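Participant: One letter stands for each residue in the lines below.
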Amino acid sequence: MNPEFVLGLFLILAGTVSVAFPRRKDYITRLINLEIPAWGLLLLMLSYNEALALLTFGAVTALTVYIFVRVIQKREGDA
Amino acid sequence: MEVITTQEIAILVCAAIGVISAVRVIAERNTMKKLPFLNVLSFAIAGSLALLLPDPLTILAAAAYFVGTTLESNAIASSYAGGPKNDE
Amino acid sequence: MNELLLGAFGALLVLGAGATILEHDPYKKIISLSVLIGGAIPFIVDRGLLDVATAVALIAPLSTIFILMAVRRAAP
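Chains as they are written, first to last, in my numbering: chain W, 265 to 343; chain E, 204 to 291; chain A, 8 to 83.
Treat each hint with caution, since some may be false.
Below 25 angstroms or equal to it, Euclidean Cα-Cα: the simulated BS3-like pairs (lysine-lysine) are [said to hold, decoys possible]:
| no. | chain 1 | residue 1 | chain 2 | residue 2 |
| --- | --- | --- | --- | --- |
| 1 | W | Lys-289 | A | Lys-35 |
| 2 | E | Lys-236 | A | Lys-35 |
| 3 | W | Lys-338 | W | Lys-289 |
Hints in this document: simulated from the structure, not taken from any laboratory. All values derive from a computational prediction rather than experimental measurement.
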């Protein structure tokens, strides 16, 4: 139980609850809150010393955020 | 009472500045007044990254963090200042 | 890393996460998210994974700028 494990677990729990039940029911609020479990998962991978997993996860997270932004813009443009 | 060396004093001062500026960032209500404290926080974190390990490659990580967070802060400031003006 | 530094960066993480959850304005949420990132990077450097720390410190602002593209369209 090193401190990265505990802090990552706390970030994953708090971030998941805040994504599922946000204060404002909005796409952007959920998208910004989705960054918190991503950093929690990154700290959790860090506590097991997985360097390649960290690199791949960091790159794929930015790509996922870009795709979500495109989807949100298309959805808001239709409405 | 263990002995604290000079390098540990420097990194503790950097971390204390980071925590104080984080509290001030969160306690400030105006969005434009949050950004200078955010810059203070990123300078403190960059300094503490450079002092954390005795490794010559650490300065590269600190420089990358410095460049990245300055770019991010500039993007937030310019988007907040000129964002609504672009739509009309 | 001794206990004082661990407490300081852990406090940065917890403060950034709480402020990101509790704010209403999207710009204030992004600024608080930057506080969280500043608390998370020193843990990566402390493990000795310096290449990972460099890559993550360069990729994380890119992700924030992508979010900012959606905020600028929707917020005003």
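Participant: Hint by hint, note whether the structure agrees.
Facilitator: Outcome of the hint check:
{"no.": "1", "hint": "W:Lys-289 - A:Lys-35", "verdict": "17 angstroms, holds"}
{"no.": "2", "hint": "E:Lys-236 - A:Lys-35", "verdict": "11 angstroms, holds"}
{"no.": "3", "hint": "W:Lys-338 - W:Lys-289", "verdict": "18 angstroms, holds"}
The structure shown violates none of the earlier numbered hints.
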